[in-house]
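**Student:** The chain contents come next:
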Amino acid sequence: MTLDVLYFAWLRERIGQPRERIETDAATVRDLIADLAARDDWHAAAFADLAAVRCAVDQQLADLDAPLAGAREVAFFPPMTGG
Amino acid sequence: MTLDVLYFAWLRERIGQPRERIETDAATVRDLIADLAARDDWHAAAFADLAAVRCAVDQQLADLDAPLAGAREVAFFPPMTGG
Amino acid sequence: MSARVQTAPFDLAAELAGFGAGAGAIVTFTGVVRDDTGAMAALEIEHYPGMTERALSDYGSEAAIRFALTDWRIVHRHGRLAVGEPIMMVATAARHRHAAFQAADYLMDWLKSRAPFWKREIGHDGAAAWVDAKASDEDALARW
Amino acid sequence: MSARVQTAPFDLAAELAGFGAGAGAIVTFTGVVRDDTGAMAALEIEHYPGMTERALSDYGSEAAIRFALTDWRIVHRHGRLAVGEPIMMVATAARHRHAAFQAADYLMDWLKSRAPFWKREIGHDGAAAWVDAKASDEDALARW
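Residue numbers (full-length UniProt numbering), protein chains in the order written: chain W, 1 to 83; chain A, 1 to 83; chain Y, 1 to 144; chain F, 1 to 144.
Please keep in mind that the hints were generated in silico from the structure rather than gathered at the bench.
Among the hints, erroneous ones may be present.
[As the list claims (entries may be wrong)] Residues from chain Y that keep clear of chain A, each with C-beta distances beyond 12 Å, as calculated:
id : residue
1  : 15
2  : 16
3  : 21
4  : 22
5  : 42
6  : 52
7  : 65
8  : 68
9  : 70
10 : 76
11 : 83
12 : 84
13 : 115
14 : 118
15 : 126
16 : 143
[As the list claims (entries may be wrong)] Computed footprint of chain W on chain F; a stretch qualifies when at least three of its residues, placed anywhere within it, have a C-beta under 8 Å from a C-beta of chain W:
id : region
17 : 111-120
18 : 123-136
Cβ coordinates follow ideal geometry from the N, Cα and C atoms, glycine included.
Chain W with its partners taken away, still in its complex shape (with noise of 0.2 Å):
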């Protein structure tokens, strides 16, 4: 499957670029991540604590153990600060 996967803030700044577009397996989002963070040491730093990663798929707020069947896009980023 070919996902787009974005990512914000210092999650953004960890991984070196805002999106990039990859093919994956992963079954949930938690697959994923585990997917991304084999790839490099940038990719891992950004997922190194996971309590801190907040995940969305096709831009609505998921949990990491949300399933990515027919997803097209996943974007991760540290807890919201809006408001």
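Assemble chains A, Y and F onto chain W, guided by the hints.
**Tutor:** Chains A, Y and F alone, transformed into the frame defined by chain W:
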């Protein structure tokens, strides 16, 4: 003692005037009400239901047992509906 | 940090010009004449000149201390107001949002039941009826 | 009933023109860039284009149902904002004041912790630091 007595909203309407200057020996607001209610039918009607009457002594909200020593202005009115 | 009573309309934007400098959170409440039945032409608001200004100022000062406000403003109209016209406003400024929200809510509860205003509804047919105080407004005040 | 994300400043008065017609109570919240230490030059706000608009619109619609709002508006800025500049606003309109207050408070709690914005403080010395989410904001959200 000389007192200015003010009336608002339907108390003013029942009594037929917005204010009057009176001489009284009333020690408390409640005594003053007894004095006023004894004056005529209009005053009696205005003070018929004390549960519906609020008062201020010298422009500070007060309860019916508040003392009048030193007071110059007493106002009677229904429960307030501001805001 | 001011309270005003007036017959003229007020302009929220003008009231907020320069309001709350240095604050992180500004909350405003505006009360508007509402007609639920379609029978109302206007609202007439009577007040107690002298005491009103003092009461609004006292309540504002109390809220400022209780909620550590950096600024506050109360404007309340009296006289005849048409349906849709603004009746009054409260603005509060604080470092954080919860203080600003709570202070505005607190001030509204005080103004509803403890500021010397009395409302009368004037119908299209000219009939006038004093608005009764609501038990729910007394209950709201008891929260604080 | 609208949500907007923009870099440009907004004007509260313009946002409220025609807002909440028929309502009895209008509450606004405005968040302003605050500098507690004197070291901050600006705030930079990053967001997630596409998702942000959707999230704000979803939260507004939820609040409208939950609190029976007759109108609501959310405007949130992104990009670089100087100290003292407005960051965002929420306006809510309802028949009664408690619904309008609660809805604005509710929306702020959602926006703080569930809208995809990330703040970075820029110091006078050029140093940049991401603002950490606050546990108190999560607690506030749990109230609802």
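**Student:** The structure should be examined with respect to each hint, and the outcome stated for every one.
**Tutor:** These are the hints, each one checked on the structure:
The non-interface label for residue 15 of chain Y is consistent with chain A: the shortest C-beta to C-beta separation is roughly 17 Å, beyond 12 Å. With a cut of 12 Å on Cβ distances, residue 16 of chain Y stays outside the contact zone with chain A, its closest approach being about 19 Å. At the 12 Å boundary, the C-beta of residue 21 of chain Y stays outside the reach of chain A, the nearest C-beta of that chain being 27 Å off. At roughly 28 Å from the closest C-beta of chain A, the C-beta of residue 22 of chain Y stays outside 12 Å, upholding its exclusion from the interface.
Consistency note on residue 42 of chain Y: stated as away from chain A, and its beta-carbon is indeed over 12 Å from all of that chain's, at 15 Å minimum. For residue 52 of chain Y, the non-interface assignment is contradicted: its Cβ lies about 9 Å from the closest Cβ of chain A, within the 12 Å cut-off. Every beta carbon of chain A lies more than 12 Å from that of residue 65 of chain Y, the smallest distance being close to 18 Å; the non-interface claim holds. Distance check for residue 68 of chain Y against chain A: the nearest CB is about 23 Å away, which clears 12 Å, and the non-interface claim stands.
Here residue 70 of chain Y stays apart from chain A, with its beta-carbon at least about 23 Å from theirs, past the 12 Å limit. The Cβ of residue 76 of chain Y sits about 7 Å from the closest Cβ of chain A, inside the 12 Å cut-off, so the non-interface label is violated. Separation of residue 83 of chain Y from chain A is adequate, the least Cβ-Cβ distance of about 17 Å exceeding the 12 Å criterion. Against the 12 Å criterion, residue 84 of chain Y stays outside the reach of chain A, whose nearest CB is about 17 Å from its own CB.
Remark: the non-interface label on residue 115 of chain Y conflicts with the geometry, its nearest Cβ contact in chain A lying 4 Å away (cut-off 12 Å). Once the 12 Å rule is applied to beta carbons, residue 118 of chain Y is inconsistent with being away from chain A; the minimum gap is 4 Å. Annotated as non-interface, residue 126 of chain Y keeps its C-beta farther than 12 Å from every C-beta of chain A; the closest such distance is 16 Å. For residue 143 of chain Y, the shortest C-beta to C-beta distance to chain A comes to about 15 Å, beyond the 12 Å cut-off, and the non-interface label holds.
With 10 residues carrying a beta carbon less than 8 Å from a beta carbon of chain W, the region 111-120 of chain F meets the three-residue requirement, and the given coverage holds. Remark: the region 123-136 of chain F is confirmed as covered by chain W, as 4 of its residues place a Cβ nearer than 8 Å to a Cβ of that chain, reaching the required three.
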